[in-house]
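Quick note, the sequences are listed as chains W and X, same order.
Take the first sequence: its letter number 245 is residue 245 in the numbering used here, and every next letter is one higher.
In the numbering used here, each residue carries its 1-based index in the second sequence increased by 1000.
Hints were generated in silico from the structure; no laboratory data involved.
It should be emphasised that the depicted structure is a prediction, and the values quoted were computed from it without experimental measurement.
Mixed in with the good hints there might be a few duds.
Straight-line C-alpha distance at most 20 Å; calculated DMTMM-like pairs for lysine to aspartate or glutamate [said to hold, decoys possible]:
(1) W:K217 x W:E121
(2) X:K1022 x W:E151
(3) X:K1114 x W:E151
(4) W:K42 x W:D92
(5) X:K1079 x X:E1048
(6) X:K1123 x X:E1095
(7) X:K1079 x X:E1036
(8) X:K1022 x W:E121
(9) X:K1022 x X:E1036
(10) X:K1122 x W:D141
(11) X:K1046 x X:D1023
(12) X:K1123 x W:E69
(13) X:K1022 x W:D144
(14) X:K1088 x X:E1110
(15) X:K1022 x W:E148
(16) X:K1122 x W:D144
(17) W:K186 x X:E1095
(18) W:K45 x W:D93
What follows is a list of derived Cβ distance ranges for each label pair [as the list claims (entries may be wrong)]:
(19) X:D1025 x W:D115: 47 to 57 Å
(20) W:A155 x X:K1122: 22 to 32 Å
(21) W:M26 x X:D1005: 45 to 55 Å
(22) W:D218 x X:E1074: 39 to 49 Å
(23) X:E1024 x W:P62: 50 to 60 Å
Ideal Cβ positions, reconstructed from N, Cα and C, are used throughout, including at glycine.
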Amino acid sequence: MNADAPHAAAGRVGDRPRDLPMARSMCWHCQSEVPGEYFCAKCVKVQPLSKDLDYFTCLNLPRALNLDEQALEDTFHALSRTFHPDYFATKDDSEKAISLGNTALLNAAYRTLKDPIRRVEYLIHLEAGSAGTIRTTPPADLFDEILELQERLDAFRALSPDDAPERRQTLREQLRHDRRSLEDRKAQLDARLSDQCTKWDALQAGAGDDAAVRAQKDEILTAMRALLSNRTYVTNIVHDLAETAG
Amino acid sequence: MAYSDKVIDHYNNPRNMGSFRKDEDGVGTGIVGAPECGDVMKLQIKVEDDTIVDAKFKTFGCGSAIASSSLATEWLKGKTVGEAGAIKNTDIVQELNLPPVKIHCSVLAEDAIKAALNDYQKKGDAASDAAQPATSKAGA
Ligand code: FES
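Isolated chain W, as found in the complex (with noise of 0.2 Å):
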């Protein structure tokens, strides 16, 4: 274990500025004043993270959906370092406690943006707030899809290999012949979901945040959000079909 942190570590994370948003503008133990600071330049002590941190700002990236995979990195590594529990054994209980609680915080953030399907579902929660969890209506034919395979399905199960083995691989040939054509359905899924990436992250990177500005990327959740849910309900019949037919 590295002799000089974390206290080395605390002026600077990596080459990056420390000016995320604490928990408390004041040091939980000498009162003195933390502007946003990983450690109270006084006494030394590490400060928690505040819970209501965006995993975003927790790891000093912007609100952007393709983002700097190196820098997510970098950041997370340094900042593990700055807060890992090791470099806190021998710290009274409180300063363990609070090297825990930003351990957790910040391996949460790192495991949800590194995910880019649990990014965009991150960025809708963050953005939309309780309207990400409005149900979207799902195209009904994508419905009536599911429901028809499940049932072919089923009866696929049902057949017993030396009962008919012809019929059995009929089905099976019609059950991985849908497969693949839903597979490119995920595919074109992804390909209109990457596009509404392309464009948050335009619009977010424009200057300003009027109401034309909200309204366009309000609408750009939308469609993830139904992107999203199509591409559960694709990704779940194309699991039970590999599953069933190979």
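Given the structure of chain W, go ahead and fit chain X with the ligand onto it with the hints provided.
Relative to the frame of chain W, chain X with the ligand by itself:
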């Protein structure tokens, strides 16, 4: 995950599994999905003189969703269209003792009931008794 006995019972002996022809007279069909998990549920009612005389479901999803829809079809039978609209997912949660992570499965069943009722009303020139106050406690 530990399922309650009632969930297991419905799962092992689902009531009213199957379907009606969609275009059959008096039949309302609701097909809904849970975007959280991608599970899909189909619930159908058959209405005669404003009373639900039969109900069927097909659910491709978790045990709780299967149990919720199975239970829902049991409850639906014999209810008027108005009464059916009053069934709440919380009634299902209570009856089946669903844990918090499985609440959305019961929501799926409530949505399916609503969708089936909607479809029935849309289809039929069936009398608009839907406006009639639904007082009976669902699941009682
Ligand atoms: S987990 Fe999907 S409906 Fe229960």
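Checked hints:
For the suggested pair K217 (chain W) and E121 (chain W), the alpha carbons sit about 15 Å apart, so the restraint of at most 20 Å is met. In summary, the hint linking K1022 (chain X) to E151 (chain W) is supported, as the alpha carbons are separated by about 16 Å, within the 20 Å threshold. In summary, the hint linking K1114 (chain X) to E151 (chain W) is not supported, as the alpha carbons are separated by about 23 Å, beyond the 20 Å threshold. Using a Cα cut-off of 20 Å, the hinted pair K42 (chain W) and D92 (chain W) holds, with the two alpha carbons roughly 17 Å apart.
Straight-line distance between C-alpha atoms of K1079 (chain X) and E1048 (chain X) comes to about 11 Å, which keeps the hinted pair within the 20 Å bound. Of the pairs offered as hints, the one joining K1123 (chain X) and E1095 (chain X) is violated, with about 31 Å between alpha carbons and a cut-off of 20 Å exceeded. For the suggested pair K1079 (chain X) and E1036 (chain X), the alpha carbons sit about 30 Å apart, so the restraint of at most 20 Å is broken. Of the pairs offered as hints, the one joining K1022 (chain X) and E121 (chain W) is violated, with about 35 Å between alpha carbons and a cut-off of 20 Å exceeded.
Of the supplied pair hints, the one linking K1022 (chain X) and E1036 (chain X) is violated, its CA atoms being roughly 27 Å apart against a limit of 20 Å. For the given pair, K1122 (chain X) sits about 18 Å from D141 (chain W) by alpha-carbon distance, which is consistent with the 20 Å threshold. With a C-alpha separation of about 11 Å, the suggested pairing of K1046 (chain X) with D1023 (chain X) holds against the 20 Å cut-off. A hinted pair counts as satisfied when its Cα atoms are at most 20 Å apart, and K1123 (chain X) with E69 (chain W) does not qualify at roughly 52 Å.
For the proposed pair K1022 (chain X) and D144 (chain W), the alpha carbon gap of about 12 Å is at most 20 Å, so the pair holds. In summary, the hint linking K1088 (chain X) to E1110 (chain X) is supported, as the alpha carbons are separated by about 6 Å, within the 20 Å threshold. With a C-alpha separation of about 14 Å, the suggested pairing of K1022 (chain X) with E148 (chain W) holds against the 20 Å cut-off. Proposed proximity of K1122 (chain X) and D144 (chain W) is supported: the alpha carbons are some 19 Å apart, at most 20 Å.
Note on K186 (chain W) and E1095 (chain X): the hinted pairing is violated, with a Cα-Cα distance of about 37 Å set against a maximum of 20 Å. Note on K45 (chain W) and D93 (chain W): the hinted pairing holds, with a Cα-Cα distance of about 12 Å set against a maximum of 20 Å. Checking the proposed 47 to 57 Å range against D1025 (chain X) and D115 (chain W) shows it holds: the Cβ atoms sit about 49 Å from each other. Taking the beta carbon of each, A155 (chain W) and K1122 (chain X) are about 31 Å apart, inside 22 to 32 Å as hinted.
Range check, M26 (chain W) to D1005 (chain X): about 53 Å between beta-carbon atoms, so the 45 to 55 Å window is met. Distance hint check for D218 (chain W) and E1074 (chain X): the Cβ-Cβ separation is about 41 Å, which falls inside the suggested range of 39 to 49 Å. E1024 (chain X) and P62 (chain W) have their C-beta atoms about 55 Å apart, which keeps the hinted 50 to 60 Å range intact.
Going through the hint list in order, the structure does not satisfy hints 3, 6, 7, 8, 9, 12, 17.
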